[in-house]
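Student: Sequence:
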Amino acid sequence: MLTALLLFVSISFNVFDFMQTVSYLVWAACCLSFGVMLIFFIRKPVISYFDLTIAAYMLLLITFTILNGTDVKSAIYRSIEVFLLTMIVNYRHNIRLIAKTCATVLSCGAYTNLAIMIMFPNWMFAAKDTFDSHLLGGNYNQIGSRLITAIILSIICTKISKKWIINTVLLIIVSIVTLALVGSMTSLSCILLLSIFCLIPSFRLQKVGVVAFFLFFILFQCTVVFSGEGLHNNPYAVYIIEDVLQKDITFTNRTELWDAAGRMFAESPLIGYGFVDSDWYVSNMNSSAIGPHNFIYSVLINGGLTLLCVLIIMCLTALRNILRNYDKIAVILLMGIATLFFMMTMEVYPFFFLFLLLYFTYHYPQLSSPDRISPKEPQHA
Numbered sequence: 000m001l002t003a004l005l006l007f008v009s010i011s012f013n014v015f016d017f018m019q020t021v022s023y024l025v026w027a028a029c030c031l032s033f034g035v036m037l038i039f040f041i042r043k044p045v046i047s048y049f050d051l052t053i054a055a056y057m058l059l060l061i062t063f064t065i066l067n068g069t070d071v072k073s074a075i076y077r078s079i080e081v082f083l084l085t086m087i088v089n090y091r092h093n094i095r096l097i098a099k100t101c102a103t104v105l106s107c108g109a110y111t112n113l114a115i116m117i118m119f120p121n122w123m124f125a126a127k128d129t130f131d132s133h134l135l136g137g138n139y140n141q142i143g144s145r146l147i148t149a150i151i152l153s154i155i156c157t158k159i160s161k162k163w164i165i166n167t168v169l170l171i172i173v174s175i176v177t178l179a180l181v182g183s184m185t186s187l188s189c190i191l192l193l194s195i196f197c198l199i200p201s202f203r204l205q206k207v208g209v210v211a212f213f214l215f216f217i218l219f220q221c222t223v224v225f226s227g228e229g230l231h232n233n234p235y236a237v238y239i240i241e242d243v244l245q246k247d248i249t250f251t252n253r254t255e256l257w258d259a260a261g262r263m264f265a266e267s268p269l270i271g272y273g274f275v276d277s278d279w280y281v282s283n284m285n286s287s288a289i290g291p292h293n294f295i296y297s298v299l300i301n302g303g304l305t306l307l308c309v310l311i312i313m314c315l316t317a318l319r320n321i322l323r324n325y326d327k328i329a330v331i332l333l334m335g336i337a338t339l340f341f342m343m344t345m346e347v348y349p350f351f352f353l354f355l356l357l358y359f360t361y362h363y364p365q366l367s368s369p370d371r372i373s374p375k376e377p378q379h380a
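Residues in the sequence shown are numbered consecutively from 0, following numbering that gives the first Met the number 0.
If you are wondering where the hints come from, they were derived from the structure by calculation, not from laboratory data. In this text the structure is predicted, and so the values were computed from the model without any measurement. Careful, some of the hints might be misleading.
[Claimed, not checked] Straight-line distance between alpha carbons at most 30 Å, and here's what the computed DSS-like set of lysine-lysine pairs gives:
| no. | residue 1 | residue 2 |
| --- | --- | --- |
| 1 | Lys-72 | Lys-162 |
| 2 | Lys-327 | Lys-162 |
| 3 | Lys-99 | Lys-206 |
| 4 | Lys-99 | Lys-327 |
| 5 | Lys-158 | Lys-72 |
| 6 | Lys-72 | Lys-43 |
| 7 | Lys-161 | Lys-327 |
| 8 | Lys-158 | Lys-327 |
| 9 | Lys-161 | Lys-72 |
| 10 | Lys-206 | Lys-161 |
| 11 | Lys-327 | Lys-206 |
[As the list claims (entries may be wrong)] Pairwise CB distance ranges, derived in the manner of DEER restraints:
| no. | residue 1 | residue 2 | range |
| --- | --- | --- | --- |
| 12 | Ser-201 | Ser-367 | 16 to 24 Å |
| 13 | Leu-218 | Ile-312 | 19 to 27 Å |
| 14 | Gly-34 | Thr-111 | 25 to 33 Å |
Virtual Cβ for every residue (Gly too), placed ideally from N, Cα, C.
Assemble the whole structure, with the sequences as input and the hints as a guide.
Tutor: Structure follows, in C-alpha cells:
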C-alpha cells in the first residue's frame, strides 16, 4: 500500500500517453488501500496529537474549498493521500519498516529518472510537453522535492543500518547530476548545502547551523517574499541581490507572482479560497505562470491564516517529539526540513512530502526502539 502511494505522489505517469493506464492502476490501488485501511481504523481507531493536526489541516482545506466552490475533487484526492499515509503509519507502528520502504521507493525513482534522461534522451520528447516531461514530478522544478525527500529518508535509514550510507552517497551524486542537467539551480544549491551540512563533524556546530538557517528562511520569507514588487524600491535589497549575488531582482518574475498572491490573500485573510486549480490562478492572479511559486503564500490562499496556524502547530508538535532524542541524525532531519522550506520559497511542492518528513520527525524516538509506542501519547481514540 505504501509503495503504491509513494509511486502515485512522486511519479508523474500522466506526462506520457502510453503510461496513462499505469497511472490509473496506481491510483486505483491507492483508493482501494484507503478503503481497506479505513475499515481497520473504524474497527480500532488509533490517533495521536500529530494526527489530529493533520486531520484538522485536511478537513479545513476541504471545508474552505466547499465554501468557496473551488476544486473540491482535488482537495479530496490530496486528503486521501495524506489520510492513507496516516493510517499506514498508525497501523504498523514499525517506523523502521516504513522508513526503509519510503527510502527504497523514492531512491529507485531517482535512479530510474536519471537513467531515462541519460540513456533515452529522445524518449523525453515523446511527452505532451517537453517542459513538463520528467518522470519525477513532471515539471523540472518539481524534481528537487522528490530528490531531497529521498536523501533525507536515506539518511534516516543510516540510523537503522550503516549500509544505507552507500545509498545516501549515490543518491546525492544522482541528485546533483539530475538537477544540473535540468537546470533547477535553487534545488541544486540547496541539496549541495544539505550535503555539506552532513559533513560537519561538530554536533554543536550543526545544531547552531540548523537554527541559523531556519531563521534565515523566516527572514527571507518576511523581508523578500512578502515584499513582492515592493522589493524593487528597496535600494539595499537591489544592491545585495543584483550587485553582490548577481541575481535578477525579480527572481525570474516571481516577485510579480508574490505580489499578486499577497493581494488575493488580503481579500480573504481568514479562510482563503480553498484548494484552487490552475484556471483559478490564471483568472485571479497572473497568466504568466501558474501559482504563487511560494509555499507559504499557497497555504494562505488555500486556507488563510487559519490553515497557516494549523501548519505551525503541526510543525511544533513534531519538533517537540524529536527533541526527546536529539542526536546527529535528528539534527540532519531538521536541517533537511528547513532546506525544503527554503526551496519552497521559490516553488510550491505537494504538501505530502512535507507531511511525510514531519511524520518521521514526530515518530523519530521510535527509530531507536521500533516496537515501542511513544510514551505520553493517547493511542486510541
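Student: Among the hints numbered above, which are violated by the structure, and what are their numbers in rising order?
Tutor: Violated hints: 1, 5 and 9; rest satisfied.
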